[in-house]
Each structure stands twice: as structure tokens, then as C-alpha cells.
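**Q** What follows is the residue order along each chain.
Number of protein chains: 2
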Amino acid sequence: MKAVLITIGDEILSGNTVDTNSNFIAAELKKIGIPVVQILTVSDEIESIKRNLKSAFEMADLVITTGGLGPTKDDKTKTAFKEFFNDEIILDPETYDHLRRLFEKRNRAHLLELNKPQAEVLSKAFIFQNENGSAPCQMIQENGKIAICMPGVPFEVKPLIKHKIIPFLAEKWSLNYIVTHTISVVGIPESVLSEQIESWELALPKDISLSYLPVGNRIKLRLTAQGKNQKELELRIEEEVQKLNPLIGNHVISWNGDDIQEILKEILDEKKLTVSTAESCTGGELSKLLTSISGSSTYFLGGIIAYDYHKKIEILGVSEKTIQEKTVVSEEVAREMSLGAQKLFKTNISLSTTGVAGPNSDEFSNEIGIAFYSIRVNDFEKTTRLHLPHFERNDFVNFVSQRVLQDLVEILIRAPY
Amino acid sequence: MKAVLITIGDEILSGNTVDTNSNFIAAELKKIGIPVVQILTVSDEIESIKRNLKSAFEMADLVITTGGLGPTKDDKTKTAFKEFFNDEIILDPETYDHLRRLFEKRNRAHLLELNKPQAEVLSKAFIFQNENGSAPCQMIQENGKIAICMPGVPFEVKPLIKHKIIPFLAEKWSLNYIVTHTISVVGIPESVLSEQIESWELALPKDISLSYLPVGNRIKLRLTAQGKNQKELELRIEEEVQKLNPLIGNHVISWNGDDIQEILKEILDEKKLTVSTAESCTGGELSKLLTSISGSSTYFLGGIIAYDYHKKIEILGVSEKTIQEKTVVSEEVAREMSLGAQKLFKTNISLSTTGVAGPNSDEFSNEIGIAFYSIRVNDFEKTTRLHLPHFERNDFVNFVSQRVLQDLVEILIRAPY
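If you read the sequences in order, they're chains A and B.
Each residue of the first sequence is one higher than the last, beginning at 1 in my numbering.
Each residue of the second sequence is one higher than the last, beginning at 1 in my numbering.
Among these hints, one or two may not hold up.
[As the list claims (entries may be wrong)] With a straight-line cut-off of 25 Å between C-alpha atoms, the simulated BS3-like cross-links for lysine-lysine are:
#, chain 1, residue 1, chain 2, residue 2
1, A, 124, A, 82
2, A, 231, A, 243
3, B, 54, A, 54
4, B, 346, A, 321
5, B, 31, B, 162
6, A, 76, A, 30
7, B, 346, A, 105
8, B, 76, A, 2
9, A, 271, A, 31
10, B, 2, A, 220
11, B, 343, A, 50
12, B, 228, B, 31
13, B, 382, A, 343
14, A, 206, B, 271
15, B, 50, A, 206
16, B, 271, B, 343
17, A, 2, A, 124
18, A, 54, B, 228
19, B, 382, A, 346
[As the list claims (entries may be wrong)] Heads up, incomplete: computed chain A residues facing chain B, CB under 8 Å, no partners named:
#, residue
20, 11
21, 23
22, 283
23, 302
Keep in mind that the hints were calculated from the coordinates and are not lab data.
Cβ atoms here follow ideal geometry from the backbone N, Cα and C, with glycine treated the same way.
Taking the hints into account, I'd like the entire structure generated from these sequences.
**A** Printed below as a string of C-alpha cells:
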């Protein structure tokens with residue numbers, strides 16, 4: 001079984017909204033062995049939706065659309081499905097009842113009648129009720145093919161996919177397992193890495209595939225295999241991974257992790273170390289990355305965003321003299337910031353960032369794209385300078401934050417502290 | 001001129017990476033009047049790339065691909081272009097020279113030879129040099145159609161698009177202007193709003209289109225028009241916007257803004273107010289949102305992320321008694337947190353959040369999905385409770401953060417403080 005995902009909405013085509021739904025749905029489908037062979041974003045027009053449903057079914061057995069199911073006039077998915085499947089639209093008492101309960105729970109019973117059109121569904125459809133919004137998820141099965149239309153709001157999509165669609169699909173078909181294994185490598189450029197593992201890569205079994213995924217200065221090597229026997233797949237991948245040790249073992253920072261914050265969590269939990277942050281140019285992103293995974297509260301105690309330079313002095317204890325002499329964007333200030341956080345939060349580790357994200361410079365006229373970050377682990381300290389002049393503001397913030405966590409992982413593994 | 005964007009990469013199809021490039025490119029193309037009629041993500045296989053180039057050119061005159069240009073074996077875009085255009089690949093001395101300078105600047109001259117294949121380009125292509133990476137951007141013009149292939153790393157894509165591709169396209173064609181105007185509305189459900197402006201919407205000129213964009217509890221109404229005369233388009237849209245005032249004026253929080261942080265910036269700059277934050281469950285996201293726009297340092301002085309509850313006591317001055325009696329996830333703690341931040345940072349406004357993002361509960365066994373936030377403006381204070389039990393962790397964090405800023409905008413506009 002193969003899938004195509006179709007996002008319906010001029011909002012995405014016009015660049016106003018990033019499509020995050022497709023990413024989530026593809027990852028969930030992959031876990032139950034359904035590969036997504038194409039992701040499309042199409043215009044919110046009946047003809048365009050119908051044309052793309054047709055071409056999607058030429059490539060796949062499962063088509064999931066998101067978006068275009070609101071109660072307003074610019075939403076056309078339901079009509080497109082109706083025409084595509086020669087169906088009719090009927091009022092579904094069960095959906096209406098669900099809507100009534102939903103609106104009552106939110107003390108909005110007076111809005112029920114206005115939303116009644118949301119209880120009008122395709123007559124051939126099986127309905128998955130939506131707990132977070134008024135548009136139900138509808139599924140039509142015909143000639144061995146499945147079409148599912150769902151709303152576009154990400155917090156409505158995720159629970160529908162995870163708790164309703166995926167269990168349904170996994171039960172209905174006996175599906176392949178997909179096993180992936182990710183190794184994270186640092187301190188070696190992609191081209192050199194590729195050369196060092198060339199013979200290993202060429203000797204990989206045909207059904208095990210490899211991808212290179214650069215993330216900041218880290219490269220993730222991901223091995224993927226698909227088959228009926230999960231245990232066997234895991235063993236076979238493990239065998240290949242072991243062969244990498246003599247080739248690039250000294251550059252591997254994680255033998256089985258994905259996001260840097262996940263890799264970090266494993267290490268911090270094991271070593272029982274706590275972390276705090278003192279952010280300036282990253283404005284909260286570094287802390288947000290650290291707290292983006294559940295369980296981070298056991299090691300992340302807190303952080304200071306000292307955006308205004310007086311706050312660096314008042315709250316973090318950075319010396320005014322240092323700022324006057326070196327400006328806020330300096331090695332020295334980064335170092336004093338991390339010291340301040342380490343003391344204030346009483347943590348083993350503290351991380352600080354200071355820099356100019358742009359597009360405008362700061363009050364000291366520092367160069368745009370310059371950043372310093374300091375990492376402390378107990379008495380050990382390391383400050384690093386970055387120069388990223390061509391980066392957009394949010395990419396700069398994200399790159400610096402990723403880099404800090406990556407360096408921290410490296411330091412924790414080498415343990416010079 | 002119409003465009004199709006093609007993202008090449010199994011990384012996106014497998015749900016490992018979110019495609020943010022298409023969003024950026026679509027937004028930039030829109031500004032110079034080139035509509036994106038379809039966005040596709042396709043597999044990293046030569047046949048798939050060629051097939052989709054073909055169907056893209058049936059819909060559009062401009063096709064931009066991102067991804068699949070790395071030096072490793074899983075990158076196949078260049079070969080697909082070569083075959084599609086019956087072209088050959090040659091070593092380009094100019095690109096090689098650019099690479100040399102790039103590697104020297106980064107003190108990586110020893111890696112130049114390994115990256116030499118990146119200087120091998122399509123013989124028919126015009127080259128836009130890449131300042132942030134080793135893969136150049138290549139453009140082929142044939143029979144009035146344009147194909148551009150560029151690397152997939154977002155911080156390489158953005159400067160290439162903004163500073164090289166867009167100026168080139170804008171100069172080569174005399175393009176239409178696109179004017180958009182966004183009005184933000186709160187305190188009225190989409191269905192009611194739609195009814196209240198129905199007659200206005202139906203009477204809109206044919207060439208002015210309207211979209212409804214719900215973001216948290218705010219709804220953005222966006223009007224879009226396209227034509228040769230920018231001034232005239234602006235005036236005509238302005239005329240339509242004015243007619244909305246008697247219909248929904250009391251619900252409008254911004255007559256011309258887009259992201260909530262931009263709307264907020266306008267208000268804070270005008271009123272000369274400063275802001276600080278005290279975050280718990282949002283873990284840095286609220287501060288990150290505030291600092292995501294340039295110029296935010298004039299009003300955002302800083303924030304505390306008090307993740308560990310002892311830090312709420314030690315740094316923010318929350319009373320231990322309150323925590324023991326009410327737990328950390330309570331109206332009272334939210335209120336004391338915002339008070340603590342207001343005092344610590346000496347700001348007019350302070351914002352606090354406390355809650356359980358899940359998927360696991362906290363040490364007080366509070367219910368997952370509960371959040372309290374407090375907004376202070378001088379002596380005025382307002383605490384709000386949210387209950388979002390079906391939200392994924394990161395959606396919860398984002399929703400709460402968005403909501404806080406929205407409520408702050410409402411408060412600043414009504415000015416009860």
C-alpha cells in the first residue's frame with residue numbers, strides 16, 4: 001500500500017502558512033509501513049482537487065487530504081469529494097450529536113445551528129469524529145482504494161491521525177514494519193565521510209538504504225529497512241552499524257538517536273546532570289529546544305533571557321566594565337553570562353548565547369551574524385565564536401541553538417570537565 | 001507566469017523533515033506576482049524527478065526544485081536535469097573558483113578537491129553562485145520555460161532566492177503586483193463572522209479575493225488583488241476594508257497586520273511599553289515568538305524560564321505556601337510569576353505561563369493540557385485558564401504562547417489598565 005498526501009489550500013501556495021501536517025502524517029504512516037510516494041499542495045478549487053485526486057489514485061491506494069473543510073465559502077473539499085465519488089451530501093445525526101456535545105462542553109451551544117453544515121457529510125463516508133474542531137474526518141472506500149479528507153488545523157489533524165486513522169489502517173491491513181536506525185557524526189565534512197565509508201556503503205544489502213542528513217555541523221546517517229519480521233530487520237541493520245565503528249567510530253556522537261535534544265536527554269539522564277541557560281541572541285529558542293521533549297524537566301531547571309543588556313548585569317551578574325570594554329557580543333560576556341546562569345540556577349551545566357541576529361545591528365554596532373556561546377560543565381568552560389552573515393534572522397537563531405546543543409553533547413562524551 | 005515548486009527528497013516523504021523552503025519561495029514569488037499553482041514533494045529518484053518536471057511544465061512556465069544536490073550518492077537532481085534537458089555536465093571554472101574562495105574563507109582548502117564535483121554543472125545552465133554552501137544554483141531556459149535547481153538546506157535557499165533569483169525574475173519580466181491586506185478579528189467564531197459579513201463578501205469585486213485564516217482564537221481576513229497598478233489596487237482594497245468597520249469593527253484588533261507579534265510590535269512601539277516574561281509550560285516559546293521579529297529588543301527586556309518549581313520561588317519570588325496549597329499549575333502561581341517578572345525586569349507588561357504540556361503529568365499530578373497564564377499591564381492583571389487535553393506537546397506550547405500574545409493585544413487595545 002502506497003499513499004499520497006494532498007494539502008488543499010491557497011494559504012500554503014501563497015507562502016502564508018507552512019505545511020506541517022504532511023510531515024506529521026508521513027512519519028506516522030511510515031511507522032506502519034505505508035510509504036508516502038508524493039506530497040502535493042493544490043489550490044482550493046473544486047476542479048483542481050478532483051484532478052489531483054485522480055492523478056493521486058494513479059500512484060497510490062490511499063489518499064489523504066487536509067484542509068478546505070471549514071464552514072466558510074472558500075472551503076471546497078467536501079464538494080470536490082462529492083463530485084469525484086458521484087456521492088451526495090446528507091445530514092448525519094451522529095455527527096450532529098457529536099457537534100452538539102462539543103459545543104455544549106465549550107459553552108457555545110448557541111453556535112450549534114450555525115455549524116450545522118459541518119454535520120452534513122458524504123453519504124458513502126465512514127466518519128471519524130473530530131474532538132478538537134467542528135469538521136469531521138471522512139473516509140470513502142471504493143474499489144480497494146481509500147480516500148480520507150480531514151480538516152487542516154494541525155492540532156485537529158494530529159489526534160485524528162494518531163488515535164483514529166493509524167489504528168484503523170494498521171488493523172485493516174497486515175502491514176510491513178519499517179526499521180530505521182540513525183547514527184550521528186560530527187567533526188567530519190560530508191564529502192570526507194562519504195569517502196571513508198564508501199566501500200561499506202556500496203556493500204550494503206540491496207534492501208537496506210542509507211541517507212545523509214546534515215543538521216548544523218552534525219551529519220545523521222540513517223539506515224532504513226522494510227519487511228515482515230521486525231526483529232530480523234533490527235538485527236541485520238545492527239550488523240551493518242557495527243561495521244562502521246572501525247571506519248568512523250571516533251566521529252560518532254550517538255549510535256542510535258535522532259534529534260540533538262533527544263541524544264542530550266539520554267546523556268543527561270545517565271550522568272544525572274542539570275542544565276540552565278542564559279540567552280541573548282537566541283531569544284528563548286535554546287530553552288525551547290531543550291524543553292521540546294517530554295521529561296526534560298528532570299534536568300532542565302530554567303533559563304534567563306537577558307535581551308536588554310542591563311539585565312545581563314542586574315540578573316546574571318555580567319560586569320558593566322566587561323560590556324563597556326568588549327561590547328555585549330563578546331567572548332567575555334558569553335563567559336560571564338554562563339557563569340551567572342550556573343550560579344543562579346545551581347546547575348552542573350550552563351549554556352549562554354550572545355550575538356546579532358539581524359537584519360539590524362545592535363546598540364554597539366556589532367557585525368550582523370556574529371555570535372558567541374559559552375558552555376560550562378562544572379568547572380570546565382568553552383567559548384565559541386560563529387560568523388553567519390548570510391543567515392535570515394530565524395535561521396540564525398535556530399542554527400546557533402542547534403550548535404550549542406551539539407557542542408554540549410560532544411563535550412559530555414569526551415568528558416574533559 | 002505561473003510556478004510549480006518541487007522538493008526532492010525522501011527525507012520529506014518519510015516525515016523526517018518539514019519542508020519550509022516551499023513556504024519561503026512561494027511567499028517571495030507572490031510578492032512579484034508569480035503565483036505558485038502547485039507544490040510537490042517527490043522521491044529522490046531520477047525517473048520520478050524527470051516525470052514530475054514534465055508534468056510541472058504542463059502547468060507552469062517556471063519550475064524551481066530544491067534538494068538532491070549534495071556530493072553524496074543519494075542525491076540525483078543534477079543527473080535528472082541532465083537527462084530531462086538532453087544536456088551534458090561540464091566542469092565550470094568560475095564555479096570551481098567560487099568554491100575555492102569559499103573553502104579558503106572557511107579554512108577548509110584541504111577539502112576542495114573532494115568537493116570538485118560540485119563545480120560540475122549543466123552545460124546549458126546559467127549559474128547563481130551559492131555563498132552558504134557548495135552546491136551552486138543552476139538555471140536552464142528553454143522554449144520560454146525556466147527550470148531552476150537549487151540545494152535543499154534552508155539557509156542556503158533563502159539568500160539565493162531573495163538576492164539572486166527574485167531580482168533576476170523581476171527584471172526579466174514585467175510582472176503584476178500583488179497587494180494583500182490582512183485584518184485580524186477576535187471574539188467572534190468563524191461561522192458568525194462569515195454570516196455577519198456575508199453580503200459584503202458577496203459584493204466584493206471579482207478580482208479581489210477573500211480568505212479566512214483562523215490562528216488560535218483570532219481570525220485573519222485576508223484580501224488579495226493582483227494587477228499592473230499597485231497604487232490603484234491598494235486604494236480599491238482600502239475601500240472594501242472600510243466597509244467592514246460598521247459590520248465587525250468592534251471585533252477587529254488590527255486593521256493591517258499579520259502575525260500577532262507584528263501587531264503587538266506596532267502597539268508597543270506606539271505606546272512605548274516594555275515587556276518581560278516568566279515562562280513555565282511554554283519553555284521559551286513565548287519569548288521566542290516575541291523576539292522573532294527584528295526590533296523587538298526595544299520593548300522586550302527579557303524573561304525567566306522557571307521550569308523547576310524551586311526556581312519559581314527563588315528567582316520569581318512565588319510563595320512556597322501558594323505552591324503547596326494550589327500546586328504550581330494554578331491561577332495564583334501564574335499571577336505571582338507575572339508579578340515576579342514585572343519586578344525583576346522593571347517592565348510595564350509581564351506575561352507568565354504555567355501548565356502541563358504532557359504527554360506526562362507533573363510532580364503534582366496535575367491534569368495534562370491545563371494551563372494558566374497571567375497578563376499584567378502596569379497595575380492591571382488578568383489570569384486565564386485553558387484546557388487543551390487533546391493537544392500534542394509542541395502544539396500545546398505554541399497554542400498557549402499565541403493565545404497569551406493575542407490576549408495582550410486585546411487588553412492593550414481596550415486599555416482597561
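**Q** All hints are to be evaluated individually against the structure, with a verdict given for each.
**A** How the hints compare with the structure:
At most 25 Å may separate the alpha-carbon atoms for a hinted pair to count; residue 124 of chain A and residue 82 of chain A meet this at roughly 9 Å. A distance of roughly 19 Å separates the Cα atoms of residue 231 of chain A and residue 243 of chain A; the hinted pair therefore holds under the 25 Å criterion. Only pairs whose Cα atoms come within 25 Å are accepted, and residue 54 of chain B paired with residue 54 of chain A is accepted, the gap being roughly 18 Å. About 22 Å separates the Cα atoms of residue 346 of chain B and residue 321 of chain A, which keeps this hinted pair within 25 Å; it holds.
Pair hint residue 31 of chain B plus residue 162 of chain B holds up; C-alpha atoms about 11 Å apart against a cutoff of 25 Å. Only pairs whose Cα atoms come within 25 Å are accepted, and residue 76 of chain A paired with residue 30 of chain A is rejected, the gap being roughly 29 Å. Our distance criterion of 25 Å between C-alpha atoms is broken by residue 346 of chain B and residue 105 of chain A, whose separation comes to about 40 Å. As the CA atoms of residue 76 of chain B and residue 2 of chain A are separated by approximately 22 Å, the hinted pair is consistent with the 25 Å bound.
Among the hinted pairs, residue 271 of chain A with residue 31 of chain A is inconsistent with the structure: their alpha-carbon atoms are about 31 Å apart, more than 25 Å. Proposed proximity of residue 2 of chain B and residue 220 of chain A is contradicted: the alpha carbons are some 36 Å apart, above 25 Å. Proximity of residue 343 of chain B to residue 50 of chain A is assessed by CA-CA distance (about 58 Å); at most 25 Å being required, the pair is judged violated. For the given pair, residue 228 of chain B sits about 13 Å from residue 31 of chain B by alpha-carbon distance, which is consistent with the 25 Å threshold.
Our distance criterion of 25 Å between C-alpha atoms is broken by residue 382 of chain B and residue 343 of chain A, whose separation comes to about 33 Å. With a C-alpha separation of about 65 Å, the suggested pairing of residue 206 of chain A with residue 271 of chain B is violated against the 25 Å cut-off. For the given pair, residue 50 of chain B sits about 23 Å from residue 206 of chain A by alpha-carbon distance, which is consistent with the 25 Å threshold. The hinted pair formed by residue 271 of chain B and residue 343 of chain B meets the criterion: a straight-line CA distance of about 20 Å does not exceed 25 Å.
Distance hint between residue 2 of chain A and residue 124 of chain A is fulfilled; the C-alpha atoms sit about 22 Å from each other, no more than 25 Å. The suggested pairing of residue 54 of chain A with residue 228 of chain B is violated, with an alpha-carbon distance near 36 Å, which exceeds 25 Å. About 32 Å separates the Cα atoms of residue 382 of chain B and residue 346 of chain A, which puts this hinted pair outside 25 Å; it is violated. Given hint, residue 11 of chain A at the interface with chain B, holds; its Cβ is 6 Å from that chain's nearest Cβ, closer than 8 Å.
The interface hint given for residue 23 of chain A holds, since its Cβ lies 4 Å from the closest Cβ of chain B, which is under the 8 Å cut-off. Because the smallest distance between the Cβ of residue 283 of chain A and any Cβ of chain B comes to about 3 Å, under 8 Å, the interface hint for this residue holds. For residue 302 of chain A, the suggested interface contact is upheld, since its CB lies about 4 Å from the closest CB of chain B, less than 8 Å.
Hints 6, 7, 9, 10, 11, 13, 14, 18, 19 from the earlier list are contradicted by this structure; the remaining hints agree with it.
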